[in-house]
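> Sequence:
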Amino acid sequence: MAVAGERKMQILQVLASMLESPVASKITTAALAERLQVSEAALYRHFASKAQMFDGLIEFIEQSVFSLVNRILSSHESGLKQTEAIFQLLLGFAQTNPGMTRVLIGEALVHENERLQARINQFHDRLEASLRQSLRIAVTQGETTVDPALGASILLSAVSGQWQMFVRSQFRRKLADDAAGLWLVLQDGLQTRPVP
-19 MAVAGERKMQ ILQVLASMLE SPVASKITTA ALAERLQVSE AALYRHFASK
31 AQMFDGLIEF IEQSVFSLVN RILSSHESGL KQTEAIFQLL LGFAQTNPGM
81 TRVLIGEALV HENERLQARI NQFHDRLEAS LRQSLRIAVT QGETTVDPAL
131 GASILLSAVS GQWQMFVRSQ FRRKLADDAA GLWLVLQDGL QTRPVP
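According to the numbering used here, the sequence shown is numbered sequentially starting from -19.
What the hints contain is simulated information worked out from the structure, not anything from laboratory work. The beta-carbon is built from N, C-alpha and C at its ideal position, and this holds for glycine as well.
Cβ-Cβ distance ranges computed for the label pairs, FRET-style:
no., residue 1, residue 2, range
1, Val165, Ala10, 41 to 47 angstroms
2, Thr120, Val90, 37 to 43 angstroms
3, Ser29, Ser137, 30 to 36 angstroms
4, Ser55, Ala21, 43 to 49 angstroms
5, Ser1, Lys154, 15 to 21 angstroms
I would like the entire structure built from these sequences, with the hints used as guidance.
Structure, rendered in structure tokens:
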């Protein structure tokens, strides 16, 4: 018999796998319970609500992404290299976790508690702050003259757009194939240019 923590993780894994279905549909606790071969009551022994299950997924996303972002910030001295590594990380995370990408763009949260969308918005704000921090470093290092706030906004918009296209392609689009070329285009806009 699975211990409580293992069972909670199993529920979240099955929820994430259900979000990987090419055809988006509202996930019900009945469908989740059926997939797990348990009763709905068994689900509610581990989570008070479906919103709490999505909270668990968002927490996984936050911990996974920001532990990697922190590692990037501490392992690269170059602000531009930090920015590139974060950009690549965000596309790679989506490619590896397609169901989570539906959460990242808010699609999976449309009919759920509004608080969940607010939490994802906060996640995006934190990502933008990390990109802004790296771009500030790049400015002080003379790697770019771009305004860090504007640059971070553009980069996060590019990432969000890639996530959207990935989901719309029913996960057929390969983000990794586009990542290097897209970064080259974005990097060109970040290059230091003489001030007129």
